[in-house]
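So the sequences go chain by chain: A and B. Going by this note's numbering, the first sequence opens with residue 1036, and the numbers climb by one from there. Going by this note's numbering, the second sequence opens with residue 53, and the numbers climb by one from there.
If you are wondering where the hints come from, they were derived from the structure by calculation, not from laboratory data. Even for Gly, the Cβ is constructed at its ideal location relative to N, Cα and C. One thing to keep in mind: the hints can contain errors.
Unchecked claim - Cβ-Cβ distance ranges computed for the label pairs, FRET-style:
id	chain 1	residue 1	chain 2	residue 2	range
1	B	323	A	1151	32 to 40 Å
2	B	363	A	1065	27 to 35 Å
3	B	180	A	1163	55 to 63 Å
4	A	1163	B	181	32 to 40 Å
5	B	190	A	1131	15 to 23 Å
6	B	257	A	1074	30 to 38 Å
7	B	266	A	1158	45 to 53 Å
8	B	118	A	1108	37 to 45 Å
9	B	235	A	1172	27 to 35 Å
10	A	1131	B	161	21 to 29 Å
Claimed, not checked - Derived coverage of chain A by chain B (criterion: at least 3 residues anywhere in the stretch with Cβ under 8 Å from a Cβ of chain B; other residues may be distant):
id	stretch
11	1043 to 1051
12	1089 to 1100
13	1106 to 1114
14	1136 to 1145
To be verified - Cross-link-like lysine to any residue pairs, in silico, SDA-like; alpha carbons within 25 Å at most:
id	chain 1	residue 1	chain 2	residue 2
15	B	222	B	64
16	B	360	A	1169
17	B	203	B	285
18	B	367	A	1172
19	B	360	A	1078
20	B	360	A	1112
21	B	336	B	225
22	B	120	B	215
23	B	198	B	360
24	B	162	B	146
25	B	198	B	367
26	A	1172	B	81
27	A	1091	B	285
28	B	253	A	1112
29	A	1091	B	240
30	B	222	B	236
31	B	360	A	1158
What follows is the residue order along each chain.
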Amino acid sequence: MPVLKDKELRIVGFLCNWCSYGGADTAGVGRFNQPTDLRIIRVPCSGRIDPLFIMKTLLNGADGVLVSGCHPRDCHYAEGNFYARRRLEVLHRFLPILGIEPGRFEYTWVSASEGQRWQQVVTRFTEQIHKLGPAPKIAGPAASATLRQMEAAL
Amino acid sequence: MKYQQELKDSIRKALPDLDVVIAWSGGFDPLHATPHFIRREEDIDKLEIGPFSVHNLATYLPGLRGKKVGIVVKGCDSRSVIELLQENLINRDDVTIFGFPCTGVVDQSKIRKALGHTGKVDFCQITSQTVVVGAGGEEHKLRLSKVLADKCFTCQYPNALISDHFVGEKINPSAQSEAGYDDLEAFENMPLAERFAFWQKEMDRCIRCYACRNACPMCVCRDHCLAESRDPHWLSQEDNVRDKWMFQLIHAYHLAGRCTECGECQRACPMDIPLLLLKKKMNKEIKELFQYEAGVDPEATPPLLSFKMEEENIKEREW
């Protein structure tokens, strides 16, 4: 990352194994240009995503969090994304009370064949986060220590 | 409290079939009550209900599962009982509920603020309008409306919503439903950065005593709480704002669609951190999204435990 220091922000993506991760793969295979700010974490299903994962990611200094799963009615496990939709929507509406910009978190649906759409989603979300700028950090030694650790790891 | 004798009689009749009845009695000084576990006939005489009956006794119910338990509830407490029933955390056949019309309970921190540091409290007299407290050789006269808990001003359910024995006559709620979110609205109108700073300041004061969790009737994980779990290690043992804040978010999120806004978290907090604000926000959004209110209907399913193929109020975002 040193080359891109200060140009890149830290965005974490939680992607379901069956659709969106496949979609991101399709985008890669199709060699679609994408911004490189996103770090992907693959999960079995969007229903596996505890909203607290997202909270913790944001509190630990991520500038944005993107969640993507199968389109409603297309879930590999039939109904995981229906539960996820409710949880994620509640989270999205809850964030402002904490003083966290709700635009730092978005959720969407991308299927495995939608490489083009994945490119669009990543590009638009990354633009959105860049417009918001780096997230305000929580004061205190622990947060900066974590940042140092993260920087060393990348 | 005028229905106290009636309540005692009612408990006396039911006690032979019960292992324990949970109620309130006088506390360590005249300004406080304490939870009171009635196991024998002679315990009944100590029972006291009134404006100091602040504790939500439903907190004890899941721990007493399997026993025949009687419980005295205010209107707000009864919602917690219903929510526990909804989630199958207690058995309806094992619980005997005693209800009474509640006219409001005090907020101890408001009294503390009004009195300043007083030391020993000698006496306390409460009428329908005033509270007279004798402390440190002085007599302090407080208006009751100045020291009632905030939740009581916006109470919609002063009578127990579910009860086997109801003493006294049901009273009408004193407030309109919407007024309850005024403070939340004011807070939401603050700029984003100020809200962020506000929580950092408040969370900095947190001493991680977990009284909020222990007092909460819906926090039923007890020894398996995420806050103390090492695998996964959600929270470190460090004393920093981030972990303390994260804990409150865990609490708020685990109560999404379940919180009955009894206010126990905030009441139990020794640092007076306005924790209820987070829960109110969560409830407001749940109500808007799913037209659902926790702890009202024992047959209803909490909204985050169910789904609809087509959600009426969730708009898919176009990308």
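Violating hint indices (sorted, rising): 1, 4, 5, 11, 16, 17, 18, 23, 24, 25, 26, 28, 30, 31
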